[in-house]
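**Student:** Sequence order for the protein chains is A and B.
The opening residue of the first sequence carries number 1 in the numbering used here; numbering runs sequentially from there.
The opening residue of the second sequence carries number 1001 in the numbering used here; numbering runs sequentially from there.
These are calculated hints, taken from the structure and not from any lab test.
Quick look at which bits of chain A chain B covers, simulated, 3 or more residues with Cβ under 8 Å:
id, stretch
1, 6-20
2, 35-47
3, 57-67
Since this is a predicted model, take the numbers as computed values, not measurements.
All residues carry an ideal CB built from backbone N, CA and C; glycine is no exception.
Residues per chain, in single letters:
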Amino acid sequence: MTGEPYNDTVRGLFEAPAHAGDLDGGTTVFLADHSMRIALSARLSQGNIGALRFRAWGCPHFIAAAEVFCADYEGRPAADLAGFSASEVMQTLSVPVEKTGRILVLEDAVRSLGQSVRGGPDSDQGRQ
Amino acid sequence: MMKIDTEFLYLDYAATTPVDERVAAVMAGLIDIDGDFANPSSTHVAGRRSAAHVEQAADRLAMLLNCKARDLIWTSGATESDNLAIAGAAAYRANRGKHLITMSTEHNAVTDVFRALEKGGYEVTWLAPDEHGLLDIDAFEAALRADTQLVSIMHVNNETGVTQDLAGIGDICRRHDVLFHVDAAQGVGKLPLDLATLPVDLMSMTAHKLYGPKGVGALYIADRPDCHIEPLLFGGGQQRGLRPGTLPVHLIAAFGEAAVIAAASMAADLEHLTGLRDQMWQGIREVPGIVRNGGADASFPAILNVSVDDIEGESLLLALEPLCVATGSACNSHDQEPSSVLRALGRSDELAQSAIRFSFGRPTRVADVDFASRRYCRAIDRLRALAPEQPA
Chain A
1 MTGEPYNDTV
11 RGLFEAPAHA
21 GDLDGGTTVF
31 LADHSMRIAL
41 SARLSQGNIG
51 ALRFRAWGCP
61 HFIAAAEVFC
71 ADYEGRPAAD
81 LAGFSASEVM
91 QTLSVPVEKT
101 GRILVLEDAV
111 RSLGQSVRGG
121 PDSDQGRQ
Chain B
1001 MMKIDTEFLY
1011 LDYAATTPVD
1021 ERVAAVMAGL
1031 IDIDGDFANP
1041 SSTHVAGRRS
1051 AAHVEQAADR
1061 LAMLLNCKAR
1071 DLIWTSGATE
1081 SDNLAIAGAA
1091 AYRANRGKHL
1101 ITMSTEHNAV
1111 TDVFRALEKG
1121 GYEVTWLAPD
1131 EHGLLDIDAF
1141 EAALRADTQL
1151 VSIMHVNNET
1161 GVTQDLAGIG
1171 DICRRHDVLF
1181 HVDAAQGVGK
1191 LPLDLATLPV
1201 DLMSMTAHKL
1211 YGPKGVGALY
1221 IADRPDCHIE
1231 PLLFGGGQQR
1241 GLRPGTLPVH
1251 LIAAFGEAAV
1261 IAAASMAADL
1271 EHLTGLRDQM
1281 WQGIREVPGI
1291 VRNGGADASF
1301 PAILNVSVDD
1311 IEGESLLLAL
1321 EPLCVATGSA
1331 CNSHDQEPSS
1341 VLRALGRSDE
1351 LAQSAIRFSF
1361 GRPTRVADVD
1371 FASRRYCRAI
1381 DRLRALAPEQ
1391 PA
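Can you make the complete structure from the sequences, with help from the hints?
**Tutor:** What follows is the structure, encoded as structure tokens:
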């Protein structure tokens, strides 16, 4: 590894992830592999995403990416979750290409969250 | 003594040390037109003045190690010394046998030479450490064969600080007429080493681990009938042809000055470093899931290596900023694979990837360690609070 591995955005989001935590009464999905774990929680309000929270175990880019997702998608229609793309987040955070797989895990988690919330506001289809 | 930068706290002295200002002054005085800059191989007066600095430096380093100055060969650093010792000795004794012994926990500067020799037809026995990182003496003795020519075991492990019993290993080597090489990059100038009594044939060292400059090292070659090496480089015939090339007088003189300072301050340094390491361990030992890597009984005072359960190593390193610490050997910190040294100690991949090496130096203060231990505890708490629970 040479030079600065994290841009200022990653550093800021890693240091103070505003959306870290849990949601009471929300829908939560969980995904894990050997190098990361993620729990995403959403609470809907009239078809929109009223609140998003995450918990993450992984590298700083992964944690920052989870925060970027939560910040970007709060207030948007729940249907938008299906359109979340890892590539945009990777560009924002200057994620090294060798970490693509990690951000794709987040993408899978977001899509899983989208499927879960479409099952109903109280749906909880956590999977591993 | 060195200035402490307020933007970071340096606790990576096992990777390298700052040049002591007294050493820097010696070096600076030798590089320009007003200094003794001439080629020490030149026979004119300027060359002889330069050569005198080289001889004085050899005397100084020899005094630190209690060996003869003529038994020291100047190199570019410990990596070159390791290469020269191992490949050079293996080549010199190739007609007697091609079996070599080392440990899986050696520095890459050693293991990579042995791997290259394996490709060249040598047979290498790789000994695993015990759970504390120490060489199993019985397994070692059992591995020796009639065709064994060289054993290479490091003094102080650069990742864990585990310190091997050089006298015990060397005695066995002498009984079996096998050369004993020691990578002593971490220990020289910090721990007492008496080469007049230690049964060591070849010893690698470097200046930049003891407050000297980067770019200069030395190889000790014992003055014994069977202790010879072949050169790896060829050129001007300097240093009896064993390591030719124009000698960097300013770096060598600086190494000599660093050796003088190390000898004078070794006892105080050891007390200081031991106190800092113990203070650090006391400050973090109650962290749930923490383990100390490397046995405490054979631990080098300047290094504390710890792993912790269920923490991602890369995030831990960032959360620890402004601490400058290592996740393993700085020489291979670009490698994201879990440390092979820690894996050899029986650590799981998960524990190995969370390892942090704190290493302390002369400039480190009690307040620095207090800050570092609190920072470590806080980082662990924060990352654990951020992590999701595994669903039932």
